[in-house]
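Chains A and B, in that order, are what the protein sequence lines are. Per numbering that gives the first Met the number 0, numbering through the first sequence is continuous, rising by one, with the last residue being 378. Per numbering that gives the first Met the number 0, numbering through the second sequence is continuous, rising by one, with the last residue being 220.
Keep in mind that a hint or two might mislead.
[What the hints assert, rightly or not] Computed spacing ranges between beta-carbons, pair by pair:
1) B:Gly-208 / A:Asn-229: 50 to 56 Å
2) B:Gly-6 / A:Gln-298: 34 to 40 Å
3) A:Asn-229 / B:Thr-16: 47 to 53 Å
4) A:Asn-229 / B:Ser-78: 40 to 46 Å
5) B:Ser-172 / A:Asn-229: 38 to 44 Å
6) B:Gln-87 / A:Gln-298: 24 to 30 Å
7) B:Glu-193 / A:His-299: 39 to 45 Å
8) A:Gln-298 / B:Ser-21: 53 to 59 Å
[Stated by the list, open to error] Covered stretches of chain B (in silico footprint by chain A; criterion: 3 or more residues with CB under 8 Å from a CB of chain A, positions within the stretch not fixed):
9) 54-64
10) 106-119
11) 131-139
Calculated directly from the structure, the hints in this document are not laboratory data. The structure presented is a predicted model; accordingly, all values stated were derived computationally and were not measured. Backbone N, C-alpha and C fix where the C-beta goes; we use that ideal spot for every residue, glycine too.
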Amino acid sequence: MRLVAFFVAGMRLATLAQMAPSLLTAMPALSRVDHPWLTGASWILATGMLVAITAITLVTRRPPGVPYAVLDVAVAVALLIVGLWTVPVELRTGTWVGFQLGYALCVSCGLSAVRSRWLWMFLLASLAVAEAVYIAPTVDGWADLTAALSTCLTLLVLGPLAWFGCQTIVRIGTEADDARRYAAEAAKAEEERRARLAIHNGTAMMRLLVETDSADGNGALRSQAEVELNRMRAYLSGQTPPPVNEATNLAAVVTAVGAEFDDLPITVVADLAQDVALPRDLADDLAAALRSLLLNVRQHARAGRVVLHAAEDEDGTGWEVTLHDDGIGFDTSATAFGVGLREVVVEQLARSGVSVEISSIRDLGTTVTLTRTTVAEVS
Amino acid sequence: MSEVTSGPRFTHVDDATVMRASLSLLLPDLTFVSSHGSVEELLTARPEADVVILDLHLANTGQPDASQGTTAIRRIVESGYRVCVYSQEERRFVLAACLAAGATGVVSKSASLAEAATAFRAVAAGEPVIPPGITGLIEVLVRRRSITVLTPRQREVLAHRARGLTYAEMSRSMYLSESTLRGYWMELAQLVSEYLRETSPGDIEHALGLRPGDLLDLWPG
Chain A
0 MRLVAFFVAG
10 MRLATLAQMA
20 PSLLTAMPAL
30 SRVDHPWLTG
40 ASWILATGML
50 VAITAITLVT
60 RRPPGVPYAV
70 LDVAVAVALL
80 IVGLWTVPVE
90 LRTGTWVGFQ
100 LGYALCVSCG
110 LSAVRSRWLW
120 MFLLASLAVA
130 EAVYIAPTVD
140 GWADLTAALS
150 TCLTLLVLGP
160 LAWFGCQTIV
170 RIGTEADDAR
180 RYAAEAAKAE
190 EERRARLAIH
200 NGTAMMRLLV
210 ETDSADGNGA
220 LRSQAEVELN
230 RMRAYLSGQT
240 PPPVNEATNL
250 AAVVTAVGAE
260 FDDLPITVVA
270 DLAQDVALPR
280 DLADDLAAAL
290 RSLLLNVRQH
300 ARAGRVVLHA
310 AEDEDGTGWE
320 VTLHDDGIGF
330 DTSATAFGVG
340 LREVVVEQLA
350 RSGVSVEISS
360 IRDLGTTVTL
370 TRTTVAEVS
Chain B
0 MSEVTSGPRF
10 THVDDATVMR
20 ASLSLLLPDL
30 TFVSSHGSVE
40 ELLTARPEAD
50 VVILDLHLAN
60 TGQPDASQGT
70 TAIRRIVESG
80 YRVCVYSQEE
90 RRFVLAACLA
100 AGATGVVSKS
110 ASLAEAATAF
120 RAVAAGEPVI
130 PPGITGLIEV
140 LVRRRSITVL
150 TPRQREVLAH
160 RARGLTYAEM
170 SRSMYLSEST
180 LRGYWMELAQ
190 LVSEYLRETS
200 PGDIEHALGL
210 RPGDLLDLWP
220 G
């Protein structure tokens, strides 16, 4: 909008500058024209409007609004009509003594604030008709007719060109603003997500430590708490370690996470996952998700048996990890997922193309199935 | 004169005196007809029992020559008893060797008493009790076409069992009754047991991707 405002103000100042020399010659000659007061008023009105619109535009840093635009066009039309009496026929085209045509062109190029296409067309048509009336007396033969048509076409071409140009600039600016706002919101959401990821498992560990008798000295719990503590400190210090690019395999990830929870009655079955290579970032996401799920099992399930199973699909197009416990279960339709399930498991894995299905039956247990289907690459 | 009982009868073989004395007290709903410190003692007494609950490690300084492991299982099975291994042993290939030797079930001593009692009853009913870890090995053998005789339904049941699902959960997802699923599982386990008994350790090593000789010391001769 600011760019359009500068364009409108620039057009006004340019017109004013072009009128100035003629004004210097027109004022002393006022006493010799037929309607001196009318001619003087025309010059004053035009100059005043140019200065006023320029000032408003520069102060508000926006193109003049619709009321100003309508007033602007009305003044231009009035000046053209009054010009029938104040400007001699031979001076109406090709000179700035007859400033009305230049003024009308300047006004037609400054209608960018008018968003309504119908109103804009009406205003432009009003200017064109008034201009046609103004220069009609100059037509005396074919040569004059073509010159008059060209003059009208100048307004009818440059006016729309300026309008469309300004609309395009405004649209681009609006879209850029929207994009910037969206990017800011996305960055904020991403930061919040990273924070939740960094501290969720840590808070769960702290809760377990608080609820567990410290005298028990659960070694596995303490080791995990230390890992989560380091993760939180790294996040808070902004020194998140860069991802390690070395790939690993699904069986190794699942087995390692299962080993962290050896205080649970857990069995890890990963024989069919040995050949599934995982990029490091996906492996880290998967490990975080499994930790979150197993923390849930530890906190809530009261399970007598937990099975963590991983396998490659038979046709080699993907893999599946299931975590089953025979605990108390819960009603998946009535229970809102917490931060751990929603953010650390479902949403974080979805970013890596892993879908999550949770099924649970009260008093029978819960099964979480993580599935990744690899889309075959088209060569 | 033998006491008439309505349910399955169990006998317990364990070299630990405390275990022999306590198991029947801890599982009062099961009928224990005897307990023995060794397989030799069991086979001499020949109690009227349906299932022998057997510890794998029976040799100690008091009975250094006692049969144990897969040898003990074979001797008991050949004597007409069903065997349910009840051990702290967690090595999957050792437990798989127990199935190859003829054991109907494998139960960890770390299992809850309720879980253990359920497993013992299942073995008495002829239902194989195989931990998910070993079921995972069976999955590998099936996936690598070493075991080829399973039907699609049996393979589906195997996949669910390997993931730890109970019959009740499987029943809901597969729309089959629990008894039908137990039937599939029993047929499947029977086929797998036959495979394990009849296949050489070398072939199983190859199918599981193990090194030659890895199973030789564990597998029943």
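A quick look at each hint next to the structure:
no., hint, result
1, B:Gly-208 / A:Asn-229: 50 to 56 Å, "violated, 36 Å"
2, B:Gly-6 / A:Gln-298: 34 to 40 Å, "holds, 38 Å"
3, A:Asn-229 / B:Thr-16: 47 to 53 Å, "holds, 48 Å"
4, A:Asn-229 / B:Ser-78: 40 to 46 Å, "violated, 58 Å"
5, B:Ser-172 / A:Asn-229: 38 to 44 Å, "holds, 40 Å"
6, B:Gln-87 / A:Gln-298: 24 to 30 Å, "holds, 28 Å"
7, B:Glu-193 / A:His-299: 39 to 45 Å, "holds, 42 Å"
8, A:Gln-298 / B:Ser-21: 53 to 59 Å, "violated, 32 Å"
9, 54-64, "violated (count 0)"
10, 106-119, "holds (count 5)"
11, 131-139, "holds (count 7)"
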